Amino acid sequence: MIIDDKDKQIINHIQSDFPICKRPYAAIGEALSMDEKEVITRVAKLKEGGIIRRIGGNFSPEKLGFSSTLCGARVPEDQIDAFAEVVNSFKGVTHNYVREDEFNVWFTFIEASVEEIEKNLAEITKQTGITSIYNFPATRVFKIRAEFTVK
Numbered sequence: 001m002i003i004d005d006k007d008k009q010i011i012n013h014i015q016s017d018f019p020i021c022k023r024p025y026a027a028i029g030e031a032l033s034m035d036e037k038e039v040i041t042r043v044a045k046l047k048e049g050g051i052i053r054r055i056g057g058n059f060s061p062e063k064l065g066f067s068s069t070l071c072g073a074r075v076p077e078d079q080i081d082a083f084a085e086v087v088n089s090f091k092g093v094t095h096n097y098v099r100e101d102e103f104n105v106w107f108t109f110i111e112a113s114v115e116e117i118e119k120n121l122a123e124i125t126k127q128t129g130i131t132s133i134y135n136f137p138a139t140r141v142f143k144i145r146a147e148f149t150v151k
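When the letters of the sequence shown are read in order and numbered with full-length UniProt numbering, they come out as residues 1 to 151.
Derived from the structure by calculation, the hints contain no laboratory data. Small disclaimer: the values here were computed from a predicted structure and weren't measured. One thing to keep in mind: the hints can contain errors.
Unchecked claim - Capping the alpha-carbon separation at 16 Å, the derived lysine to aspartate or glutamate pairs in EDC-like fashion look like this: (1) K91 x E123; (2) K45 x D7; (3) K143 x E62.
All chains, full assembly: derive it from the sequences and hints.
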């Protein structure tokens, strides 16, 4: 997919500054000298093209009373897709990815409690037969603002 300068402006603007108002696309358009309809059309095209995965808020789980953890698993190569499908079926999983290492599948989990995470990990083990899932709960969180300027 080819993106032009206006698409790049939109991407750069909405990464961390998506307006919270009645007509956010009109506000974005005003900031970028575009009309609301053009912004909506371009964002839809960027989503269809896979450039924008999602538009939504991010929150600090611990400030809302949730628990979060990073999990690493040893999954045989021929079982990765099936394992990932099970892991991704849990609503508290926010990321799931493969790495080339002994622990080759990593995912993050956010739930209402540590006990709920442990219950879900036990269920993943039950459904997949993978017993080498390691839970690395966050003990201290360092938040960064990850922004990638598209040029």
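Checked hints:
1. K91 x E123: 13 Å, holds
2. K45 x D7: 9 Å, holds
3. K143 x E62: Holds, at about 12 Å.
Every hint from the earlier list agrees with this structure, and none is contradicted.
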